[in-house]
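Trainee: Sequence:
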Amino acid sequence: MNSNKNLFKDTDWTITIIHRIFNNIGSFPNVLILPDRNIIVIIDIFNLIKSNDQLTFILAHEISHNMLLHSLEILSFGVINYVATIVFSFLIWVFYESKAAATLCLTMYILFGAIFSWYKRKSETEADEVGLELAAKSCIDPREVLVFWEMMKKFEELTHQDKFQIPLFMNHPTLDKRERRIIQLMPTALELRKQSKCPKLPAEDPRDRLPYYMKDIEKHMLKNSKILVGAPKGNYSSPSIQRFPYLIEPGVVFRCAIKNSKCQIIKPEKIENEKGYETRFAMNILIRKQFGWFGSAISVDEINGILTVCAPRTIVVISKPFTNINFETLQGMCYSGKVSSDVLSIEDKNLMSYSFDSKFWYNPLHGFSVHYASMKQTKGNEGKKERKINRIVGKPKHEDYGTVDVVYLNETMSIELSFLDNLSQFGYSVESGYFFKKDQLLFVSGAPGWHYVGTVIIVNPESREFVTKLDGTHIGEFFGASLAVGDLNNDGLDDLLIGAPLWGEDNGRVYVFVGTSKGQFEMTQILYGTAEGGHFGYAIASGDLDADGFDDIIVGSPWENDGVIYVFNGGSDYLEVSERIEAAKFLRRPSQKIQRFGFSISKPVDIDANGYLDIAVGAYKSGHAIILRSKPVTKTQLLIETVPNTLQRDARQFLVKICPLYFVRNVRYNSEQVNHNSFLAIKSKVTVTIDERYQRTQQTILELKSSNLTSNVCLSAQVNISRNIRDFIEPISIFAKHDFLYDNTSSNFCKYCLVEKRNNKLQTAQAFLPFNIGCGEDKVCNSNISATAKFYNIQYNDTWVIGSSDISLEISLKNYGEPAYLTILEFTLPERIMLRSILPFCQEDNSKENLIVICDTGNPIWNGEERSVKLNLDMRHLINGSLYDHNKLYFYAIIKTRSINHGTTNISKTLNLVNEVSLSLHGKANEEAYYLTTLNESSSNITFQHTYQVYKLGASPIEDAQLAVKVPLATEDSTTLIYMYKPQLYISGELFECSSESTLVDSQLGEVQEESFLDKFDIHKRNVEASAVYLSDAKNVQTSETLNKNLTDNIIYINCSTPDIACTTIVCSLNTLKTLQDVGKLVIKFLLNVDKFKANFRNKRAVVKFTTEVNVEIIKPDERLDINGTRSTIEVMTMFYYTPKMEKLQLWIIIVSVLVGLLLLCICVAILNMLGFFKRKGKQNLTKQEIDE
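So the sequence shown is numbered by our numbering: it starts at 22 and just counts up by one.
Heads up, some of the hints might be wrong.
[Said to hold, decoys possible] Cβ-Cβ distance ranges computed for the label pairs, FRET-style:
#1 Arg610 / Phe381: 43 to 53 angstroms
#2 Cys771 / Leu660: 38 to 48 angstroms
#3 Ile1151 / Ser807: 19 to 29 angstroms
#4 Gly554 / Asp363: 31 to 41 angstroms
#5 Gly795 / Cys771: 46 to 56 angstroms
[Unchecked claim] Straight-line alpha carbon distances no greater than 25 angstroms define the calculated SDA-like cross-link-like pairs of lysine to any residue that follow:
#6 Lys917 / Asn867
#7 Lys704 / Leu723
#8 Lys283 / Lys606
Since the hints were derived computationally from the structure, they do not count as laboratory data.
Even glycine gets a Cβ: it sits at the ideal position worked out from N, Cα and C.
Let the hints inform the model, and build the full structure from the sequences given.
Mentor: Written out as structure tokens, the structure is:
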């Protein structure tokens, strides 16, 4: 209007959109204008309008009618025409007879009607011309007008309205004329568009989208589609049965509506038995309908609108009058009629096209299979309306081996096998396709019984010759029992699918043969059934179910459980199973049962006008026909955008935007392009997973929902970043997944609800949001880290004394390059080395044999910055340095960083181990000397003891050590002077036992019986030439010369170093001396036999020195450092003095001594008194002085 405002100044226009009261799918869409400038738009027109430019032209066309005053002209012309008709009619009836008057009036009506129609056509042409000019000045694309008229022509063709039009009385020009006129006016329209300074025309020609628009019209026209269901063993209603009681199971075909599931019966023109007459042989024919299997084979000729239903088991009785000829043959009959008709006429009722000349002319089973071929649109026939019939009908028992009847371009021919086999059953299955050339139609027929293997014949109907033959490979597989044709690889040539349902253990399989331009098939794949007895491949169908350009395969396996069908998606490569659909899926009630699901499968057809093919599956045993409807398949693509696209290290939040794009039927849809109202209600959600691995954001999972496809172009959400995050070098990952949301509570099928294409990788998307890490434009951090290691609390030369205090290991890092992010030190400690305490920035890993400590060194390490990690090591469990290689411990550390480290990546440090331990020995006797008299009176025995103490010096633990005590016990003549009790070893208060070479006296015994005691000992004397340590090599003493010599010298030595002294050795283990606090104490008690002692010395003076020798030895560790100032060997001595007994002191001597002492005391006291010792002059003077003051 704005571009033509000078024409429409001070005018008001109204647009009214109305619905039809009776919505007939074939009603022609229309737009009209009233004299008051009210444009009436019938809503059906929007099914044909595909752009705003087209709508602009239609409105401009109607406005042109008003501008040209066509409404008033038509009204006035109609009045004149009406008045003229009345006047001329009156005059004719006045001057002519009735018959002549009637003829003249009719001629006049026709003439006036033709003139009026001519005027209307002329006004429509004028409106087209002016409307195109108005629309061009409003900057439309004039090519869109041509698209609109092509759409109208397609609609007219589908509704067959062109058949009922009489050119002389048409109110509108033909669509072809209107389109040609627009083409003539196109230069003028383009020039007006240019003068109006409109933008340039789009590069894309809208006519390129015509194929898609045509399919949309077909969808619209198929909204009220119905399904044909055959019931070969069905019966008619009760009234029919009552009229024809013999009519048992003739077979019934139903036409069922998709919306309400209401069905109507399709039946032969006569349901009762029919009679015919064969004129060639003058024979009567009776066609018996019972058990005829009417509906076992059905096919539709979509081009010509013909429906054919066959009853292959129909029995024909042939008889000849006045003869005995009366023959029954399982002939089979087919019935045809219009697709919309409920009544079908029998074909060849009188068998005029049937030959009786052959030997096996009977029982042909005519109509066992039937198929109408479709003519593909090629460059040669594009736009032509092909009306010729192309059909193939199978007769698998004709001539015993089977034949097929082919109708090609309305010409009928019969084709039989050239290689005869009575079991072939040629015609068991039939199909057609364009396998080798896009313009060459070939028919296909299977002979599954041929040579017990089966074969499939491809026939050229033009030459009536066999093109090629495909044979089965296994006996009994019934190769060719089912056929299907489809373009699986989208190369423009049809491919052939051949079923062999009895292969294997009746598992069944399907052969896939690809058509090629070489004129031969290539077998690319075999699909196998998995269930024994399933009969996989019993029924096959093919069609593009997901509208991806590749035909798919539907394969029935009716004996697999209660029945299963498999869907294989076509593609450029191998077929892949996309769905396995079981009969049990459709059970609505527990009592309901569906059996033999997949016994028959229809050719895929779009029955609900959603643009996707649907299929019907038969389950004959339970009497079900199940419709499987397809939903639109979309290929969703997600685009992820973040604001900002790079995060600063101190950023607290960012915005994530998810933009979905939808590709439906190879056309991309987004919020601006979806134009179907049904798509608007589709709900969807995008699940966004953010930084799932590192979890640096407060929100890890987001759900962004959309109520329809046009509500938002993109879905967005704000994401908050967690505080104190450390990893900046790894970007934040954003993973998005798209899903559609449906209301599963509704029982209505949602035919426009989108489903995602299987294995669509674009349904998910991932993006990464990086941080600004300060590493240059390449975003790659090249660090250069150096490392040093150092021990603490050790000795010189990295030496550590085993058992000493714990140590520390420190590793220092310094970066000489770009920032090093997330740098960690991974320590590997030697076995048995633990941590005394764990640092807060370190973690322990105990899963392996050696302890691994992973420490964070800070994030990041900037250029020139130093960082160190000091581990406090627990060395308590290291007690044996010999377990390690050469007494060395190896500490390893690996430097890991998210940056690229060009410096040190690992470092090792060696700790030298040494043992430092000694044992210090101390000993004493409880009494150093005992005195014995020489009197003859008997004395009690003397008990004495030696005590030894062992101290551990040094930090290292003792693995094995012992204390050895050598004790002299007897003389050469086995005279036992001293008895020894069992030694008692105490270590840290705990009593331990020692081992001895001799039997010891129990310390609990009160008295010792000499005879019995001596029997318990195995006394040995020392051999002076042997070792001085152990008694085990001593020999028995035979002489006493040395002892007698010692006695004469008055000093007797009893020790293990003295010859002719028998000794025993006590050995005690000191392994329990572990720490410096542990002290070993050995106590040995002895008993001196005083009587024996006196008897040996016979009142002579003598001194007996009894000595025990003690030695301590560390066996392990064998390599160690000894500590100075320790003693490992000592001797403990007890002396016995033997003297004669003195006379008894007299009493008077004692009294005199006391008196003399008292006298001397008195003298001393007197002298001291005289000297004033007892006078306290100092105190007296001090008292006097105080008084005076």
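Trainee: So, for every hint listed, does it hold in this structure?
Mentor: Evaluation of the provided hints:
no. : hint                                 : verdict
1   : Arg610 / Phe381: 43 to 53 angstroms  : holds, 50 angstroms
2   : Cys771 / Leu660: 38 to 48 angstroms  : violated, 27 angstroms
3   : Ile1151 / Ser807: 19 to 29 angstroms : violated, 58 angstroms
4   : Gly554 / Asp363: 31 to 41 angstroms  : holds, 40 angstroms
5   : Gly795 / Cys771: 46 to 56 angstroms  : holds, 54 angstroms
6   : Lys917 / Asn867                      : holds, 19 angstroms
7   : Lys704 / Leu723                      : holds, 16 angstroms
8   : Lys283 / Lys606                      : holds, 23 angstroms
Hint compliance for this structure: hints 2 and 3 are not met, and every other hint is.
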